[in-house]
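Using the hints, position chain B against chain A.
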Amino acid sequence: MKLFTKLTLFITLSKMAIVILFVLLLPLLVDHVASRYNDYYLGEQKKKVLHVIQQNGIDFYLQGEDSYGSYTMLKEEYISLEPVGKIQIPDTIATLRRIVEADTLTYRVLTHIFSYGSHRYILEVGKTTETIGQYNRPLQAVALYVLIGLIVMTILIDLIFTRLLLRPLGQIIKTQLLNRKFPFREQIPPVNTTTTDFRYLDSSLTALMDRIKTAFEKEREFTSNASHELMTPISILQHKMENMLMDGALDEEMQHRITGMMKTLNRLKKIVQSLLLISRIENDQFARSDTFSIHALLTEVMEELGHRLEDRELQFSMNISQKVVLQGLNHDLIFQLFYNLVNNAIRYNKQQGKIVISERKAGDGVYAVRVTDTGIGIPAQELATVFNRFKKVERTEQEGYGLGLSIVQAIAGYHGISLEVESVQGRGTTFTVLFPPGVLSPSPGKNFNISTTGNG
Amino acid sequence: MKVLIVEDERSLAAEMEAFLKKAFYLCDLAYTAKQGLTKMEENQYDFILLDLGLPDKDGLHVLGEARKNCPDAAYIIITARGQLEDRIQGLDLGADDYLPKPFSLLELQSRMQAIARRKFAVSDSVMALGDFTIDMNKRMIYFGEEEIVLSRKEFDLLSYMLLHKNRPLTRMQLSEHIWGNFSDDDYDSNYIDVHIKNIRKKLAAFSSVEWLQTIRSVGYKIKV
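The listed protein sequences derive, respectively, from chains A and B.
Numbers 1 to 456, taken from UniProt numbering, label the letters of the first sequence in order.
Numbers 1 to 224, taken from UniProt numbering, label the letters of the second sequence in order.
Treat each hint with caution, since some may be false.
As the list claims (entries may be wrong) - According to the in silico footprint, chain B covers these stretches of chain A (three or more CB under 8 Å from chain B):
#1 240-246
#2 251-257
#3 263-276
#4 298-308
Derived from the structure by calculation, the hints contain no laboratory data.
The beta carbon of each residue, even a glycine, is placed where N, CA and C say it ideally should be.
Bound conformation, chain A alone:
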């Protein structure tokens, strides 16, 4: 889960929890406050009554009667004043039932006993419990609305701020990791943020990438330079041997030896050329802008290799649609890729074996070509390393140079092609070349634009 999603979830859930807690507590809280306030109110009423008695005498209420009672129109409140005996109790506030004019109502009643003159009186100030809670409901509703409004506002503010805060991180992930393709050639500007953590992360990533880039470039430069430097001495040796071989005075034995030397030199030449080709591919020295028919390309490959097929009496079949047109690739490199695969299929096949080239179209725009042979196969433990440079699979007679499949891999990597290899020892090997989506040209049969660029 992304950090922002997590934070969003956390913020929303925590606020929701607060709202639920508040909703649960609100009635209790409001009731409590209302009853506390009511008690205070009753106390104030009592004080008023006592004040009036003090000012005007008790007869202001009693009017010569023994006791006094008064209530409001709807009986929400009442006051009663009665003489009382010798009992002495402190002020109490209690919920009691009182009969007022034949109506039995529940009141919150404050009872106060006081002396006036030689008499003792009991004063009761009551308020119906119904009226105590009369504003609770609207108050609760208002409180809830305000709360929900506030929560929504804070959630919004939190999300906006979190988003702003996390934006540099997203930017770092996008520019430094997602959008970067090996070998990280483009320079990335530092991310614009005041958050030191992100700055540190960004600069560390940049430094790390730079180190990888430098190491990779060094290796590439070395391969390229070493190969170039090797070309001149190889040339000199080759020319010397060619000139020696032409010397009429040489006997058969010497001619034979020179031929052997030339063969070895030729092998060296091929290794250096292969390394150079790989380093050129890795140096982006080939354009990926050709559009061509895969059928035509494979036919070219087979024409080039026809004599080797014949020589080994191999049966060959190709099931490739003539309509499939690929685009955005380098024709010569793709030629080399299939050339090497088919060449291997011939080289490691058995006499009178078979080679099948077939195609497969997956739903998601992936186009695949499979090269299957009936050769000696590759042992399972060597399948994983089959594309490594100079990794040579144990062979019976012929010796490979160990670079054919490395070239295949370099070309594949350069074009975003994935390679799969399956093999059963003694039965044969299948190489699958999976072209990335977007390579299949939408207008089959048109736009042929094979640029005839050499492979340098």
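Leaving out everything else, chain B in the frame of chain A:
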């Protein structure tokens, strides 16, 4: 024909000179761009073999200047750089051919011969070979008036051996000429044998092919 070799590797230049001398070319050597340009001012050349990796000047610059002095010469660029842009740029600047190092001297001569035929209209395109005549331009071989049909690769082989007649050619050299960079000595030399056998069979139906000799453990030679 007069050839100027502009190459800073002295032993490479020396080997090229030795080879071309045997093919009756007259050779001059220059080891720097400056030397080369001076020589071009003093002499006229038919061929100028120009290494791009000269110590004092970039070969492609030299090519531009050289063409002012020797506009009629055929230029062959030789380089270890071998980059595609170099090749395109070189050919754009008026080079006639391009050979990436390491190349075979036989290939060099073959290219020079092709340029000569094209550029200088050298009329040695019809050659006698034993009782046969070969027309290099039409790519035909005749016995008297009769035309003998060879496959494309068979004709390539025969004409290449004829160009380098009296020299032993290894199977590897032959297969490299026919299949270029894609040649693979491990199993193409076998196929050269098959081709030679076919050529012999087709020609022997008309006359003796003793001139096409097998050199044991090396390869083949046309001896005339």
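Hints, verified against the model:
1. 240-246: holds (count 5)
2. 251-257: Check passed, 3 qualifying residues.
3. 263-276: holds (count 6)
4. 298-308: holds (count 3)
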